[in-house]
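The whole structure should be built from the sequences, with the hints applied where relevant.
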Amino acid sequence: MAIEARNVSKHFGDFAALDDVSVTVADGALMALLGPSGSGKSTLLRIIAGLESPDTGDVVIGGDSVTDTPARKRGVGFVFQHYAPFKHMTVFNNVAFGLSVRKRPKAEIEGRVKELLGLVRLDGLAERYPSQLSGGQLQRMALARALAVQPKVLLLDEPFGALDAQVRGELREWLRRLHEEIHVTTIFVTHDQEEAMEVAEQIVVMNAGKIEQTGTPRELYESPSNEFVMSFIGPVNRIGDAFVRPHDVQILAGDDGSGIEALIKRVVHLGFEVRVELTLPDGREIWAQVTRDEAQELELREGQILTVRLPQPRVFAA
Amino acid sequence: MSSSASGSLALSPASAGQAAPRRSGSNPERAVRARKYGVRTIALGYLALLLLAPVAMIFYRTFEHGMTPVWNAISEPNAQHAFWLSLEIVAISVPLNTIFGIGMALLLERGRFKGKWLLGLLIDLPFAISPVVIGLALVLAYGKTGWLGDWLAENGIQVIFSVPGMVLATAIVSLPFVARETIPVLRELGTDAEQAASTLGASGWQTFWRITLPGIRWGVVYGVVLTTARALGEFGAVSIVSGRIEGETQTLPLFVQARFENFDVTGAYTAAVVLALLAFATLILMNLLTRRTRADTVA
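Chains as they are written, first to last, in this note's numbering: chain A, 1 to 318; chain B, 1 to 299.
Calculated from the structure, these hints are not laboratory results.
Errors might be hidden in some of the hints.
From the structure, some residues in chain B lie toward chain A, with a derived Cβ separation under 8 Å [as the list claims (entries may be wrong)]:
(1) 212
(2) 278
(3) 281
Derived coverage of chain A by chain B (criterion: at least 3 residues anywhere in the stretch with Cβ under 8 Å from a Cβ of chain B; other residues may be distant) [claimed, not checked]:
(4) 71-83
(5) 93-104
(6) 145-152
Ideal placement from N, C-alpha and C gives every residue a C-beta, glycine not left out.
Below you can see the structure in the form of structure tokens.
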């Protein structure tokens, strides 16, 4: 179902966590709320779930205003940042919780939980307790628990934040595929732009309680509407008021008069990508992103002086 | 003496450190070990002097002349009455305080309202005020000439010099335990799991029974044990409120004191041993309960 937040504001004391924010998420979409900590993204998610109430504004799910509906009646699946496991219950009972408070027949609960544990690949672990699970397993248990009640929408608060890099990568991929399979409208909160770009179809970039820009990963990367989005999505070089992506910095083989001189301070090999740190004549430092083959062809060495070209640096109106 | 002991404790690591380069390397190690055993000896000695020796003496003196006098003392009607009265008071006041304590803990930890600090202060008041003063205050409020005395008399309710007053006194002196033991556990538990339960469709009541209460049960159990122990042993407040009528309003602690004053040492010691055993039983019961259910959740 579609989710809509209309002109939502929320203050904590003097701090404006959300300042007149409006977001629309289409039915079946997978959307990321992306922003630095304190940008209001988690607050917005909690307001949609009904765990916080907005000072002003409306939350609409599937066409119905739920602003005054308590969390338990919103039909929202919520996965908490630290998973909020019920520590005194087995994995089975954790997943069964939503059904059991609805007093569903035992056979139905058993079947549904089994199916969900299969979906999140925790089949053999039904009788374990949360303290016996790894972070990735807890994460999947929390997801299964949220999905058990067949929520209208799925909300995830920093779902991969507390996991190590490898597990995080696997789970991102898995979440994407899961979404393709079950197609429930999903919003997840993250501060990691790479994660947002990899998983989400749509990204809402938030900063200081406001929305900076909404778009597909590609739109945000290629035509950021302001400085903040430009520097938050993808790497960036700042030269005065202008911004240049490191992969747009061209290192020229010879001097044809169109470029400027630069000194190579350091060459960092990151596998396929090579990061070239440069010092410009005026002392400014930038870096260029080239491929391994390019670096080899140009025979880049530290201390070398060469010519670079900065095509179309982007300038934003203040 | 204590200042010189702590002084030498503070000095010893420094002196050991200085000596280390010249003497053998194990010297600082030995100093650490000596200090460790020293601390243990002091702790155990303190316990032995204050607790173990006196309690052991009671047991020894009780069974000094064999089982017959002990049996006679126990089976005496007034002793029996005191025993059952004590249990009755515990059986009423402990559940009352448990419910009240959990409610208070929830209010103080989860609630948002003005004057919360004042409520937190009030809860601790029974700890701060002497039980004798509490007893007197109850007499003033509920006694014949007291503030509610006329109304109670008209309605045929006797509070002072009877069981209701004694329950009241016991409940007041053991009031803070459950709340005080539960609050830190509640804080540690956090609100995430409760919020998760609510997003899964649980009502407030379901969340309390299925999530909050199981999460805080160790704090509650510990609070209940302390409440029980305190309620069993309460003397001062109950002594004033009860009127100490033998065979009627005499609890076990009151019985012990009365017998002791009347030179019936066997009666006094026997009742004291029964009190001590009840307290032990409470502690052991808690220990077993905690161990069994903990094994459930961890293993």
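Tested hints:
1. 212: violated (11 Å)
2. 278: Constraint on residue 278/B not satisfied, violated at 30 Å.
3. 281: violated (26 Å)
4. 71-83: It holds, with 9 qualifying residues against the three required.
5. 93-104: holds (count 4)
6. 145-152: Satisfied; 4 residues make the cut.
The structure fails hints 1, 2 and 3 (numbered hints given earlier, in ascending order).
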